[in-house]
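Participant: Read off the chains here:
Protein chains: 2
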Amino acid sequence: MRPYVQRFPVGITMIGSQVAKIVESKNPNYPVGRRLVGHFGWRTHTIINPKVEESKSEEVNSRPYFLPNIGDLPPSLALGALGMPGNTAYFGLMEICKPKPGEVIVISGAAGAVGAHVGQIAKNLGLTVIGICGSDEKCKWLEELGFDATINYKTAPIAATLRKIAPQGIDCYFDNVGGDISTTVIYQMRLFGRIAVCGSISTYSADSSSLPKSTVLQPVILFNQLKMEGFIVRRWAKRWNEGIEQNLRWIREGKLHYRETVTKGFENMFDAFIGMLNGKNIGKAIVQV
Amino acid sequence: MRPYVQRFPVGITMIGSQVAKIVESKNPNYPVGRRLVGHFGWRTHTIINPKVEESKSEEVNSRPYFLPNIGDLPPSLALGALGMPGNTAYFGLMEICKPKPGEVIVISGAAGAVGAHVGQIAKNLGLTVIGICGSDEKCKWLEELGFDATINYKTAPIAATLRKIAPQGIDCYFDNVGGDISTTVIYQMRLFGRIAVCGSISTYSADSSSLPKSTVLQPVILFNQLKMEGFIVRRWAKRWNEGIEQNLRWIREGKLHYRETVTKGFENMFDAFIGMLNGKNIGKAIVQV
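Residue numbers (the numbering used here), protein chains in the order written: chain D, 1 to 289; chain V, 1 to 289.
Treat the hints loosely; a few may be bogus.
Put simply, identical chains are the same to the list, so a pair is met inside one copy or across any two.
Below, a list of computed lysine-lysine pairs in the DSS-like style, where the Cα atoms sit at most 30 Å apart [claimed, not checked]:
#1 K227 x K123
#2 K213 x K164
#3 K227 x K100
#4 K100 x K255
#5 K264 x K280
#6 K154 x K164
#7 K255 x K123
It is worth saying that the hints were derived from the structure and are not from the lab.
Pulled out of the complex, with its shape left as it was, chain D reads as follows (with noise of 0.2 Å):
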């Protein structure tokens, strides 16, 4: 979110996601009730013309669309679980890491919404998944969660720690960081390992003129032939349902928990979303309005 708000000029809304509850309507298609969950970005009420956001071309979920039918489960889990996150973790998992039964699996930023999602997809395929993040309670959290092994980068060393849980090496890790922890998993990576590139939080404070430096990855990348490639979930737009019900599938069945970190107040926005760069929020981080 850092780095696309760089793109546009300051002053403009600030960008983000929202469960919105229709309160007005002068379209008998959308009508008063009814959820609609769209970037409508900072702000606590919106004007939308559907037909100006229908015609809004390629991307699928750039658009507003119905909240899915997720019963008594809470709204808000269209912005986590059974929304970006979820899909996020979903087709990442998916697509780019290509996970088989028995395979290692490291997740970085591995307590936030995509990387605890990642984590529990990877134990039902059946690979031994190990999560790195910044707090012990976050630790605790993953492993009830059913990761198979936690590191907390702050108190304990990420190189030796990974040697000892998995002295076979690595055949993927989910990245959500960039950056130095990144460098040392990806350098205990096995043949043909493969990398997902989702975030980056490590170097999204840094102006994009003195991004830090970090040991050079093409040694590794090419003795152990890795393959490493970024992603933005936009690109399986057409896909978005057999995510979405996928999820929800896992959550049905018990086999997919989440965790919200839920503020209240829109006046608190701000501080909810630094507290969440800042690692504070565990699970997705909400804004009750």
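Please arrange chain V on chain D, whose structure you already have, making use of the hints.
Facilitator: Same frame as chain D, now just chain V:
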């Protein structure tokens, strides 16, 4: 070659490929006078048992094979355009970069045996080809081969020059060098760009515990959804002849030119090797014993 040697104990024969002539034989299938291409290492004479060699299982091209029928072309081509480097260029470009006509490719280490070969195939396929190398003499040769543009990285600023030559960005990058040159190129790549990591010569001198640092790649890999993959040509061992035959066809059609830097005398092997690492060769470095 240097990093490979690090894996073996000091004192073993230096690894390396040869076109060897059979001078004595007790096996009628291997008559005196025929030539064999093999990984015999740095030596003037080799005694081998074909049965033992043939039992070397999985990696077909790690076994010696008879020099292919290349007519009046020099046998040393089996170590260059019609051998490992030629197949590295062919498979690395086709299978990892997956180039499309009209795209822009950048090649580093472009005046080496692999780089010059990749550029010519890419021209045959209808790409715009930009080569990065380390002398004006090399630039001149690459332009004679049909490269659309060249950059002498020792005298020209890579970033500014690329912005001028390829303002729309780069689709494919064939990387032979790693390090800062590669970082600069990769930060100018377009959406869905592909990077083939074929070599990392800028890091071969470093101890593995003190590799150089460069700007982290995750931000650009993420936002431009780039794919970066390392490869060793042996993964296409089963398609070895396909590569040789295709390259031979291009040579016969005048669409693929090669150059060799030939050093005479076994005793000059060491200097030839160090000279190659220092960029003294143009095209394939050959030692004629």
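Participant: Could you run down the list of hints and mark each one as holding or not?
Facilitator: Comparing the hints with the structure gives:
{"no.": "1", "hint": "K227 x K123", "result": "both (22 Å within a copy, 26 Å between copies)"}
{"no.": "2", "hint": "K213 x K164", "result": "both (27 Å within a copy, 26 Å between copies)"}
{"no.": "3", "hint": "K227 x K100", "result": "both (15 Å within a copy, 20 Å between copies)"}
{"no.": "4", "hint": "K100 x K255", "result": "within (18 Å within a copy, 43 Å between copies)"}
{"no.": "5", "hint": "K264 x K280", "result": "within (15 Å within a copy, 66 Å between copies)"}
{"no.": "6", "hint": "K154 x K164", "result": "within (18 Å within a copy, 44 Å between copies)"}
{"no.": "7", "hint": "K255 x K123", "result": "within (9 Å within a copy, 52 Å between copies)"}
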